[in-house]
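Chemist: Given only the sequences and the hints, what does the whole structure look like? Please build it.
Protein chains: 4
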Amino acid sequence: MIVIMQEGAQELQIQQVVEKLVDLGYDIHRSTGVTRTVLGVVGGRIIDTREIELLEGVDHVVRVTTAYKLASRQFNPEGTRIVLTNRSRRLEIGGDSLAIIAGPCSVENREQIQAIAGLVAGSGSAILRGSTFRMPFSPYSFPGLGEEGLQLLREAADQFGLFVVSEISDREQLPLFSRYVDILQVGARNMQNFNLLKELGRMEKPVLLKRGIAATLEELLLSAEHVMAGGNRQVLLCERGIRTFEGAETTTLDLAAIPMLKRLTHLPVLVDPSHGTGRRDKVIPMARAAVAAGADGLMVEVHNQPERALNDGAQSLYPSQFAQLVHELTGIAKVVGKTLA
Amino acid sequence: MIVIMQEGAQELQIQQVVEKLVDLGYDIHRSTGVTRTVLGVVGGRIIDTREIELLEGVDHVVRVTTAYKLASRQFNPEGTRIVLTNRSRRLEIGGDSLAIIAGPCSVENREQIQAIAGLVAGSGSAILRGSTFRMPFSPYSFPGLGEEGLQLLREAADQFGLFVVSEISDREQLPLFSRYVDILQVGARNMQNFNLLKELGRMEKPVLLKRGIAATLEELLLSAEHVMAGGNRQVLLCERGIRTFEGAETTTLDLAAIPMLKRLTHLPVLVDPSHGTGRRDKVIPMARAAVAAGADGLMVEVHNQPERALNDGAQSLYPSQFAQLVHELTGIAKVVGKTLA
Amino acid sequence: MIVIMQEGAQELQIQQVVEKLVDLGYDIHRSTGVTRTVLGVVGGRIIDTREIELLEGVDHVVRVTTAYKLASRQFNPEGTRIVLTNRSRRLEIGGDSLAIIAGPCSVENREQIQAIAGLVAGSGSAILRGSTFRMPFSPYSFPGLGEEGLQLLREAADQFGLFVVSEISDREQLPLFSRYVDILQVGARNMQNFNLLKELGRMEKPVLLKRGIAATLEELLLSAEHVMAGGNRQVLLCERGIRTFEGAETTTLDLAAIPMLKRLTHLPVLVDPSHGTGRRDKVIPMARAAVAAGADGLMVEVHNQPERALNDGAQSLYPSQFAQLVHELTGIAKVVGKTLA
Amino acid sequence: MIVIMQEGAQELQIQQVVEKLVDLGYDIHRSTGVTRTVLGVVGGRIIDTREIELLEGVDHVVRVTTAYKLASRQFNPEGTRIVLTNRSRRLEIGGDSLAIIAGPCSVENREQIQAIAGLVAGSGSAILRGSTFRMPFSPYSFPGLGEEGLQLLREAADQFGLFVVSEISDREQLPLFSRYVDILQVGARNMQNFNLLKELGRMEKPVLLKRGIAATLEELLLSAEHVMAGGNRQVLLCERGIRTFEGAETTTLDLAAIPMLKRLTHLPVLVDPSHGTGRRDKVIPMARAAVAAGADGLMVEVHNQPERALNDGAQSLYPSQFAQLVHELTGIAKVVGKTLA
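Protein chains in written order, with the working numbering: chain B, 1 to 341; chain P, 1 to 341; chain A, 1 to 341; chain X, 1 to 341.
Everything labelled a hint here was simulated from the structure, so no lab data went into it. These numbers were taken from a predicted model, which means no experiment stands behind them.
Any copy, or any two copies together, can satisfy a pair, since identical chains are not distinguished.
Calculated pairs, SDA-like style, for lysine to any residue (alpha carbon to alpha carbon, straight line, at most 25 Å): (1) K198 <-> P175; (2) K198 <-> E147; (3) K334 <-> Q321; (4) K334 <-> Q324; (5) K20 <-> T65; (6) K20 <-> L310; (7) K20 <-> S141; (8) K69 <-> G40; (9) K69 <-> V83; (10) K20 <-> T35; (11) K20 <-> G40; (12) K69 <-> E204; (13) K69 <-> T32; (14) K20 <-> T49.
Modeler: Pasting the structure below:
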């Protein structure tokens with residue numbers, strides 16, 4: 001922590017700040033400049049910097065350490081790779097591979113999810129998504145099929161040798177999810193549900209953590225830290241749009257988060273252009289852009305009949321669009337040195 | 001729903017939109033203008049307007065109905081008043097009364113909470129707050145005293161004839177909370193934890209619902225609707241700052257939300273200037289401003305020894321500041337036709 | 001400037017940063033901690049901190065000095081008061097006085113501006129506003145009366161002993177404005193038109209500088225510095241709402257800017273609740289709130305016939321509303337130790 | 001305009017709204033639904049919709065027409081192509097070509113700009129950029145070389161057969177700029193300087209209009225309309241980042257603006273990843289992403305010696321980075337059906 005005193009702060013004020021910090025168990029290095037004094041503060045317990053900022057004569061306080069450790073790039077400079085295996089294949093997320101997660105917004109019935117699983121497998125993608133325990137904005141919307149949905153999702157995935165990811169929204173669902181899915185997804189609204197994250201930290205399955213729509217990158221990494229602190233180091237981060245002044249019904253997909261996260265953390269970075277844009281005609285260009293910007297993977301919604309989808313049909317691709325997209329992504333991945341996983 | 005076609009949309013495109021809507025069970029009223037055609041759409045099930053917006057020739061679609069009903073001003077034009085009673089008094093929130101909820105960030109120990117309860121009662125305020133099951137950003141922070149905290153809070157409140165509010169962060173805590181508190185608080189991060197809201201809808205205690213830092217007013221009201229749809233009509237809304245470009249470590253307190261909410265809903269509107277500003281020196285002016293803007297109440301953090309507080313000391317008022325503030329609020333309340341409850 | 005190295009930065013990296021800084025003419029104070037090294041950097045020319053941040057091994061760089069000097073609180077700890085005098089009165093803005101600036105959005109004709117000047121004077125307010133050289137969003141909107149408007153505004157003000165403020169949008173208008181107005185207003189869209197600000201720095205009239213809708217407080221103060229650097233120390237700051245996710249057609253009035261600016265600068269702080277909210281029914285509560293939060297003054301739109309106003313009638317108060325508002329403001333001002341100027 | 005009445009609005013209220021609108025010269029189509037009444041409003045002069053929204057019984061008002069006409073996609077469904085020609089070549093911006101504008105932040109001296117012009121030409125790019133009349137945030141920063149800068153820029157461009165773009169910040173500079181540049185650039189801070197835009201509407205050179213950091217896409221198009229209304233139809237739009245909660249010292253590059261603008265307007269869409277991210281290590285991935293998302297061109301800062309640049313060195317690419325980037329962009333362009341112009 002560095003304490004920057006105001007220009008013209010009085011000696012007495014500086015002394016009081018120093019005393020307070022010494023009381024709190026810190027060592028102080030004082031630099032007296034021409035215009036102002038700066039205090040370097042070392043050791044002691046972590047305190048709320050605002051408390052120091054409110055002292056007389058203090059201009060502002062700067063934190064030197066990040067609040068996350070395990071998630072920081074320094075912790076694993078090589079970069080983390082997450083490995084999934086099933087009978088038919090071994091999949092690596094991170095490194096030089098590009099992972100494509102695809103599927104419908106919700107699992108609706110056996111026929112639908114099987115048809116889509118076929119599409120996904122046919123495109124060369126390896127991970128099937130589908131919501132089963134939904135938490136819709138309106139109490140009257142389709143809440144998902146629950147356990148039946150998980151069963152159908154697993155069954156369809158197995159038929160095509162795919163891995164499965166689905167969103168968990170409550171601690172109580174953990175036993176069920178650990179039975180059926182390969183990756184546990186945490187939605188944007190639950191990014192700071194630390195009660196849930198703590199439980200996931202005890203699991204042995206990868207966690208796909210979506211960025212909250214108002215979360216800074218530091219907050220996202222702090223949430224990853226909550227999972228990792230429990231022992232589970234397999235965390236995938238996912239950008240899905242942030243709330244800005246541009247349209248309250250949509251979000252602004254923050255693709256610059258990709259290079260920033262690559263600098264800050266060793267964890268793989270995915271992008272969800274479907275929720276991040278909310279409209280099919282924006283999903284395709286933004287999916288391409290995410291790969292061009294260096295994402296380790298995508299999560300894309302595709303549906304065999306988007307206009308009949310129970311949820312989010314508007315952001316689901318048609319089968320032919322999805323096939324065309326994967327083709328384009330393969331070309332872009334090559335330019336940035338990645339290969340479709 | 002109103003569908004606004006593009007200028008120069010072709011007759012065939014218009015026909016296709018009409019057919020699609022008729023298929024979905026809607027009645028259509030078509031207005032053909034000089035420059036464009038507008039379709040009024042009535043009945044049918046609720047659909048995702050984006051689905052229509054993506055059709056050829058459509059410019060945009062406007063929703064006519066709000067997604068919330070029970071929370072809307074029309075549902076109770078007089079305005080809702082929430083009544084609390086205990087042995088020593090009857091308290092009304094809403095109408096012409098100004099409710100002040102005060103207390104520490106966290107319940108720390110018996111001595112602390114009793115000292116603060118005395119301060120609160122002495123100022124003429126009637127409701128004591130204090131966190132007990134915390135969900136801190138860092139896994140190393142003080143997590144709260146749990147049930148012991150609830151007991152101490154209740155005990156201190158009873159000693160001074162005060163009511164009690166505390167934040168619940170997980171469904172599992174419900175049995176405990178219903179034993180100890182008078183008002184169930186839902187924090188900003190849980191505003192869209194619909195699993196939790198659904199349970200609170202079955203309770204017979206008032207729910208104090210904080211606005212999420214990225215939530216629009218419509219989303220706040222939709223969350224209130226989730227509670228009300230379960231049968232519990234006693235909801236208090238609380239503005240606590242929104243995330244804007246102005247400082248990622250703080251929020252912008254949106255006081256204009258007060259007159260807007262007064263127009264949109266019948267529910268009482270409170271303001272939390274402590275979390276909304278994060279610094280003691282901003283809490284006081286913003287507390288006064290909230291009352292001047294017409295808030296039905298405030299939730300303010302006060303501590304007997306802010307510099308020793310385990311959490312959020314920087315935003316807690318000193319006892320003398322709190323007393324002075326309540327004095328000023330009384331003066332401002334009179335100007336806007338309210339009286340301290 | 002303080003350079004915070006990454007945890008685990010290598011000695012060679014640290015040496016290279018030190019050399020680069022020494023090259024640039026800086027003195028370096030190095031602190032080697034357990035987990036990381038911190039470099040205090042003193043003197044030299046001002047450089048772009050990003051240049052250092054991009055060096056190998058650097059975590060981030062913190063600026064210690066503010067970019068504004070003349071506008072900073074330390075420059076004039078007592079606080080600046082701006083004095084206006086005419087034949088009939090002496091008016092002080094700042095200190096314990098509350099200044100109310102009122103008038104129509106645009107000067108429309110002699111009858112209108114005289115009627116409104118009468119209203120303003122009758123309420124006890126001392127400053128008349130009115131736009132004359134407008135810069136409307138649509139090329140088809142009313143552009144203002146130009147010089148004739150300035151004449152009518154001056155004439156109406158003189159009749160009632162009022163001072164005059166009007167917005168200047170281009171350097172070329174300066175000769176005209178200096179003839180007619182007492183305070184030169186710079187609109188939010190011109191807050192960073194440094195060509196214009198430079199010219200205003202040479203004037204001997206107060207400048208009322210509105211905050212841009214995407215401007216941080218530091219940027220606002222840097223714009224004030226541009227004026228002050230030219231020799232003109234009479235600057236009034238005005239909060240008028242910032243752009244947030246809450247409604248692209250309106251802005252969020254950031255009243256917490258008042259206490260923040262009071263801490264950062266010695267310049268008086270005004271608030272414009274009319275442009276800041278855009279609707280008459282929000283103007284009144286937010287005007288009260290601004291005074292309760294400690295503003296030194298308000299700029300409010302009032303019209304003798306709002307429903308016939310050529311611009312912004314929706315945010316203009318009716319005469320009776322304005323009178324009632326001034327009455328309420330007087331009551332609130334008393335609570336915060338101010339008197340209507 | 002469509003007026004949506006509140007649920008339960010009284011017949012008298014509806015009548016009053018209708019009368020007011022008829023008074024204003026509108027035709028009204030009334031639809032009486034089960035829950036509410038909707039009024040379709042046709043003709044009359046353009047009015048401020050807020051005026052109607054404030055009437056008793058009105059829920060909200062929806063504008064049907066966009067405020068821009070000439071800039072809308074419908075006005076030129078094929079898409080606008082802007083053609084530049086000089087002795088050595090003909091360049092088209094828009095359509096299937098990808099235009100790369102590159103150069104230093106500022107023109108500093110003959111040697112620098114000639115070296116960079118050589119780099120730009122060598123990469124196959126056709127347009128040279130360089131600021132000459134700067135408007136820096138600090139009064140002490142390098143203000144640019146002025147006319148001398150324009151001369152050097154032109155001279156260097158001519159030597160390599162390049163076109164020239166430079167930013168104009170004041171109407172007074174127009175005669176100079178029209179002598180030296182091929183494209184007139186309007187900076188983000190001047191996007192709503194309608195006085196300047198009006199003058200540019202009379203020119204016969206293309207205008208490159210940057211999006212303001214707080215501007216919606218509709219506002220950007222309305223600014224383009226100001227230019228186009230004057231007769232100049234050659235407008236290039238440029239996304240350069242918007243201000244969000246993510247870091248006040250940077251902006252969030254809104255690449256989804258590309259597909260959105262493609263839908264709304266026929267004008268070519270460029271992206272400036274240099275100003276849009278502010279750091280060299282983010283410029284490269286975001287440049288690639290912009291092309292992948294369908295941009296018609298890029299504006300990128302490159303410098304022969306970034307660490308010695310007078311401004312914005314941190315966001316300027318090294319020569320070898322620039323060459324590598326152009327190579328990668330060529331690969332991505334092919335995937336999206338474009339060719340380097």
